[in-house]
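Use the sequences and the hints to build the structure in full.
Residue numbering for the sequence shown follows this note's numbering, starting at 65 and increasing by one per position.
To be clear, the hints were calculated from the coordinates, so they are not data collected in a lab. Among these hints, one or two may not hold up.
25 Å max Cα-Cα, derived SDA-like pairs, lysine to any residue [claimed, not checked]:
hint, residue 1, residue 2
1, LYS363, ILE497
2, LYS389, ASP248
3, LYS463, ALA360
4, LYS463, ILE366
Label pairs and their in silico Cβ distance ranges [said to hold, decoys possible]:
hint, residue 1, residue 2, range
5, ASN472, TYR398, 22 to 30 Å
6, THR326, GLY215, 44 to 52 Å
7, TYR398, LEU137, 58 to 66 Å
8, VAL485, LEU137, 54 to 62 Å
9, GLY215, MET73, 33 to 41 Å
10, ALA360, LYS299, 30 to 38 Å
11, LEU486, THR271, 42 to 50 Å
12, LYS189, VAL485, 34 to 42 Å
13, TYR398, ASP260, 23 to 31 Å
14, SER424, GLY215, 42 to 50 Å
15, LEU365, ILE316, 50 to 58 Å
16, LYS299, GLY488, 58 to 66 Å
Beta carbons are placed, not taken as given, at the ideal position from N, Cα and C, and that holds for glycine.
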Amino acid sequence: MNAAPTLEMLDPTTLIVDINVRKDAALTPEFVASIKEHGVIEPVIAHRNEDGTVHVRMGQRRTLGAVEAQCPLIPVMITASAEEAERIVSQVVENVQRAAMTEADEADAYHQLSLIGVSAAAIAKKTGRKKAIVEGALKAKASEAGTAALGRGFTIEEALILAEFEGDQDATAELESALADEPDQLFHVAQQLRDDRTAAAALAAFTAELEAAGTTIVERPGYDDEETASVTSLKRANGEPATEEDANAVYINRDYRGEFSTVPVIVGWKDLGFTQRYSYGSSSATKGPMTEEQKAERKTLIANNKAMESATTVRRDFVKTLLAKKQAPKGWQYFTVHAITHHPDVARTYDGEVAAEMVSAKTDGEKSWASNPLRDHVAKSTARPEFSLIALVCAGYEKAIAKDSWRNPSQTHMDYLNQLVLWGYTCSEVEQIIIDSSKPAEETNDTEDSQAA
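Rendered as structure tokens:
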């Protein structure tokens with residue numbers, strides 16, 4: 065049975081402050097001055113070893129502050145020796161509540177606890193932190209990139225993203241560039257990298273299947289390509305249209321859904337006796353190779369469309385996080401009524417699956433043509449109906465935004481994105497094109513003139 069704690073007045077310089085989870089005690093001049101004037105009011109918690117030394121368990125900052133303020137005696141509550149895990153947890157809780165500790169120190173504390181067998185759920189419960197934050201910190205600490213990022217002062221969230229792309233030099237360079245120049249774009253850059261990585265993996269798998277089957281893969285032919293042409297654009301020497309049976313290769317095409325397919329082509333079609341199936345007459349001159357300007361426009365189109373697809377993931381994750389909070393976002397009442405009265409389609413054509421995901425509703429069973437997980441969620445629970453309503457409206461807006469909406473923004477797009485920005489969302493550069501399109505030309509010119517001045 066442990067002995068009852070005893071209160072003693074001890075010289076702070078004789079106390080042993082063990083290695084603490086916070087390397088910087090944050091001894092501000094104001095804190096030291098307060099101790100100098102009033103002394104240490106709340107007792108420090110410590111335990112006495114068999115050799116008589118007193119080790120601080122809680123109150124490192126107060127102890128060091130008392131030493132700095134040259135206090136002769138401070139109140140110390142002597143308790144039985146604590147287990148290592150309990151000591152670290154106690155200090156983490158105290159530091160989080162009393163003074164700002166760096167996220168590197170916080171992650172280091174969670175890492176120490178995990179090494180001695182404390183689960184992420186237990187750490188979260190004892191420290192009062194969200195389990196996702198604890199898990200993120202542990203993932204970041206599990207990689208060299210994440211640990212290095214924390215050591216450089218990055219947040220746990222930022223370190224976790226760098227850890228995710230550990231080993232990918234190009235991706236890491238792009239992320240670090242974003243952190244240095246446009247830190248508010250980090251989530252968008254990271255999502256684009258994820259999407260690129262997923263697409264590259266899918267393409268590699270698709271290509272491997274074709275190669276395993278002995279299929280010859282070539283680059284997509286350009287305009288008026290005299291070496292390679294698609295089967296559908298050629299005819300045989302006898303005048304009959306060429307068919308897939310005539311193909312001797314394929315090129316890989318990716319559709320708007322991101323799915324890959326093959327297009328049969330004939331390589332060396334002229335030498336094999338094939339001719340162009342269609343005659344373009346005088347218009348053939350205009351169908352020649354793309355100009356540099358056309359190439360640049362197409363490159364921008366492809367890049368912005370991809371960026372919009374990635375932004376969709378970031379945007380929906382933001383809404384999901386927003387709706388996971390205890391209170392609905394400020395101004396949600398007007399947001400929903402404005403949407404229903406000014407953009408009625410958002411309420412009529414929303415995607416129930418997207419809405420259910422936004423409000424973190426559980427979805428059971430297989431999806432059918434008439435399924436609506438949000439409807440099922442609302443039917444099962446009467447709690448927090450405003451959150452379901454917000455999710456419904458946001459899902460309706462989401463359905464109205466396409467990957468090429470930046471080319472022809474509507475008021476619907478602008479109202480939605482502007483509301484998310486008011487709630488704390490950071491738009492991607494391509495989404496900003498939509499928002500900026502609503503600004504009068506005079507305002508844009510005034511801004512540019514002021515910046516030039």
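Taking the numbered hints from earlier one at a time, note which ones the structure violates and give those numbers from smallest to largest.
Numbers 3, 13, 14 and 15 - these are the hints that the structure violates, sorted from lowest upward.
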